[in-house]
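For the record, the sequence lines run as chains A and B.
Per my numbering, the first sequence starts with residue 1, numbered consecutively.
Per my numbering, the second sequence starts with residue 1, numbered consecutively.
Among the hints, a few may not be true.
Restricting the straight-line Cα-Cα distance to at most 30 Å, the calculated cross-link-like pairs of lysine-lysine (DSS-like) are [said to hold, decoys possible]: (1) K20/B with K41/B; (2) K64/B with K41/B; (3) K58/A with K41/B; (4) K14/B with K66/B; (5) K58/A with K68/A; (6) K41/B with K68/A.
On the chain A side, residues computed to face chain B include the following (Cβ under 10 Å) [what the hints assert, rightly or not]: (7) G43; (8) Q45; (9) S70.
Everything labelled a hint here was simulated from the structure, so no lab data went into it.
Nothing here was measured: the structure is a model prediction, and the numbers come from that model.
Yeah, the Cβ is synthetic: ideal placement off N, Cα and C, and Gly gets one too.
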Amino acid sequence: AQSVTQLGSHVSVSEGALVLLRCNYSSSVPPYLFWYVQYPNQGLQLLLKYTSAATLVKGINGFEAEFKKSETSFHLTKPSAHMSDAAEYFCAVSESGGSYIPTFGRGTSLIVHP
Amino acid sequence: GAVVSQHPSRVICKSGTSVKIECRSLDFQATTMFWYRQFPKQSLMLMATSNEGSKATYEQGVEKDKFLINHASLTLSTLTVTSAHPEDSSFYICSARDTDTQYFGPGTRLTVL
């Protein structure tokens, strides 16, 4: 069984500030981890993924995430927020060697203030 | 990355009619596609797994006779909402699996009057 917890349904930052979106997971086998972004009335776009290679993963739009097994975490960060980063962010986990059907967190809405 | 398209992007229909939504993988073949439903301000709810050439696998609580899924080719899966009612109004999103990653379509906004 696998599950994802995203701490904070809303995160508010000022433009130019650090973005930190938290994700903790549980999985009975080595996990694959993903971050997706969803803009209003659109589907999900893959930001980045971890599939057992380097623990620090760089994605699109300046985002990166670090897999920490000891903390069962996969937090998403960006050094400097931009207004265009305002969106809904979903963390997901799937089990390696399985069906690869991901389990999604409840999502975190990122609000960027000018 | 892989591209998934979905058509139509939005549809408005009368209660009792059926609506078909198409999901296509544009630059890869997908033996497995997935259909999700998303309510406002909520996460995605997996409805069913669509397998090319075989019957779809539905999640618990999803009526297979109401949400008909067909996956006739390696690049196309369709979801038909039969005898739609206002409570079926929602945002429907498909995804296709390319090796170990799911790629999502842009979604279809269904409004049933």
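Verification of the hints:
1. K20/B with K41/B: 24 Å, holds
2. K64/B with K41/B: 25 Å, holds
3. K58/A with K41/B: 27 Å, holds
4. K14/B with K66/B: 16 Å, holds
5. K58/A with K68/A: 15 Å, holds
6. K41/B with K68/A: 29 Å, holds
7. G43: 4 Å, holds
8. Q45: 7 Å, holds
9. S70: 23 Å, violated
The structure fails to meet hint 9 from the earlier list, while all remaining hints are met.
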